[in-house]
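Chains as they are written, first to last, in the working numbering: chain A, 1 to 392; chain B, 1001 to 1422.
No lab work stands behind these hints: they were computed from the structure.
Just so you know, not all the hints are guaranteed correct.
Under the rule of at most 30 Å between Cα atoms (straight-line distance), these lysine-lysine pairs were calculated in the DSS-like manner [what the hints assert, rightly or not]:
no., chain 1, residue 1, chain 2, residue 2
1, A, Lys371, B, Lys1070
2, A, Lys362, A, Lys66
3, B, Lys1164, A, Lys349
4, A, Lys325, A, Lys374
5, A, Lys349, B, Lys1099
6, B, Lys1070, A, Lys385
7, A, Lys349, A, Lys374
8, A, Lys385, A, Lys325
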Amino acid sequence: MEAHINTLLSRCRELAFDLNFTAAKAWKKAVEGRFLVGHLPIYFPREIVHAAGGLPVGILGGGDIKQIIKGDAFYQSYICHMPRGVIEMALDDNLDDFDGFIFPSICDVIRNLSGIFKLLGKGRFVKYLDYPQNFDEGVGGTFYRREIQHVLDEMEAITGRALTTEALNHSIGLYNTNRRLLAEIYDIRQHFPWRLSYEHLYCLMRAGLVIPVEEHNDMLGQVLDYIRNNVGEAMDNIRVVISGAFCEQPPLGLIRSIEMAGCYVVDDDLILGSRWIQGDISSDTGDPIGAIVTAYLERSTFSSSVYDVDNPKEARLIELAQRRKADGILFAAPSFCDPALLDQPQLQKACDEAGIRYISFKFSENTGQFKVIKEQVGAFSDSIKLWEEPAL
Amino acid sequence: MVLQKEMLARQFRELSMAKETGKKVVYTFVPGNLSELIHAFGMLPVYPEINALQSGMRKKSGGFIRDAEKAGHSEDVCTYVKCDVGMLLNGNIGPTGDKLPAPDLLLLSYTGCFTFMKWFETLDRLYPGVPVAMLHTPYQENGRITREMTDYMVEQLKTEVIPKMEKVSGVKYDETRLAEILEHSAKAEDLITKIFNTTKNKPSPIDGYFAGVYYIGPINAGFRGTPDAVEYYQALYDEIMDRVEKGLGPITPEGVMEEEKFRLVVEGPPNWTSFRNFWKLFYDMGAVVVASSYTKVGGVYDYGFRHDPARPLESLAHYCMNCYTNLNLPQRIDLLAKYITDFQADGFLVNSIKSCNSFSAGQLLMMRQLEERLGVPVGFIESDLVDPRYFSYSNIKNRLDSFFQMLSQRKAIRGEMEAMPA
Ligand code: SF4
Ligand code: SF4
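Given the sequences, and given the hints that come with them, work out the whole structure.
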């Protein structure tokens, strides 16, 4: 790998796992009036914070880095691990410079975590962002628009100025570019996954949650230029899609183990929020908030957090796996994650019907032992390589 | 009560005859239930949560849960869902032994629990072709109900829920009819509030948790809005007031509690699989629950909310948004603090349920905040709703023993201090 790409990817890894958010805090300090808004998984329209002059910062938990001392006193053993790390960070000084926190509606654990942040008096605002589960423009759309307005009001209280249409359109454009670049990287990797390991891709995506989008776009552009060339060497790996790890994140060691066990990850839902909206959001309208709302209602990806009866997620997962020419699906869900785990029977049934091979395992963000999972994934990969015709 | 048993028997009879009578069947949830609307369309409600809890009480849930797990459900997730799926896999035989009719409509009124959505998405696949009406209830994230939240719900009722109900039932929406039904609701709500307030008496004439779960049956499970419910709650209230006048304590499965030693406020649902044994651990110690959050899961009436015939759809919306688990954590703490103070509780206990993130996530902080704010002794136990594997009698007993010991010591100290000359 070329030296400059190597350096860039190392920097991404540092950024992605810096639980002190040093870069974001330095960004804020550099210019008077800047502010930070932390947001939890999965999706948050980061454009609105960018346009208001702030930096949206993704908070994905403490992973296997943050030692949990106080967090366990907040959560019973049968609740997923992610909120413990977040609490630990909130009680240490990791999140001290943050001005606001957004808790997107995804499950009751995140929902109640927003209450804990309120009780602990964190930030200048704490907002549970209730995404509509009604996708009618006049009903769910109107509600969502007002939800966004609340966030804008909170930010206006910090900056003392209202958002302009121009600023918002400009920010939408930048995030459109971001999604386009990511989509292109995924498309190239679909054909040539060896050109950029999934571990690197993961760090690259995750770094984008803690730095300005302009900087991230530049990074993505460089990586894209690099992988447009015929770099790396193909191996006899199977192609898989990872499903279920959209909130609590698997540790990097686990991601590495999956690759080492003989899998090319050609699609996934780990940093789903960055790829949530499918396609561009209109960036030249007189109503940019309306454009963000419409995009959410009409062009969201599928996810366990979105009501799906009219557009079943199993069909969309199968379509994704087929489009990516995947040999199989790895259902990787955090332990005790109701949304991910309750979806699995439906998704797996659809795989059975479509003849798509899959395995499932649970993880926790601080899982330290990957041996069993590596063996399981290795056996899965071998069985496909040795015995199966490609499924699709 | 005889009246309650009759009402429930009638309800199940009607359900078992639904196909012959042509009545349409709606599956829906307890929190945020739209019983009045269902009645206004002449349909019959089924509450899968209630089937699950009854299966738990009848010792059937363990098998159902195992079958759902065999069918691919994770051991980690809400056991109500698995119990329901397991019951379906076993022929959908309801608690009374009759086969439950399949739904004609799945009314996903999604209040205070994200898992509800997953649950009905699952049922959607298990009952292909049955329409689902989705009603998304916004969370009271800021501790209040705003105009826009109400508008969002009313619009959903008008454009999603009511049209689907009209289509399934073949009945036109009639707001006058709904308003009449809501009048009965408000009366029943007045009465149940008065009933739960009788525990302010010493001794408390009822147990507001273990007996309370029976009292909330009719109002939560399809009778709110009927004259039957008003009659039931009036009779219940009269009976309880009679006990108050006579200075009687609560009735337990082993007779009247002679001496009220501890007054408790309890947060969290009960365990159903060992309900009797669980209750016994309390009444044996002379502990009576004077207020509980679980009995407010189908609606919080303490702050004055009543269904309002003058604003039918708005009041349905407010009702949904006012259910206990749709309150944010600061609101939940405030409500519990009010109970502890108003009902003069000696202690606060959390029964943390493995299944239920909606209740459980945050309970430990709530407990500490109440302890700090009110200086009330707090206790903590863990169990599950319907998974018998998660009810450990000895663990719970040990913890409760220590808790009651602490309460006794506090009482003794307080008694000594009060006896000291000023
Ligand atoms: S990991 Fe799952 S259960 Fe835990 S907070 Fe995230 S979505 Fe909720
Ligand atoms: S999570 Fe709790 S409220 Fe939701 S369905 Fe399960 S038991 Fe009921």
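Verification of the supplied hints:
1. A:Lys371 - B:Lys1070: Answer holds: Lys371 of chain A to Lys1070 of chain B is near 26 Å, not above 30 Å.
2. A:Lys362 - A:Lys66: The hint holds at about 20 Å.
3. B:Lys1164 - A:Lys349: Given that 30 Å is the threshold and the Cα spacing comes to 28 Å, the pair holds.
4. A:Lys325 - A:Lys374: holds, 22 Å
5. A:Lys349 - B:Lys1099: holds, 26 Å
6. B:Lys1070 - A:Lys385: With a Cα-Cα distance of about 29 Å, the restraint between Lys1070 of chain B and Lys385 of chain A holds, given a limit of 30 Å.
7. A:Lys349 - A:Lys374: holds, 24 Å
8. A:Lys385 - A:Lys325: holds, 14 Å
Hint compliance for this structure: no hint is broken.
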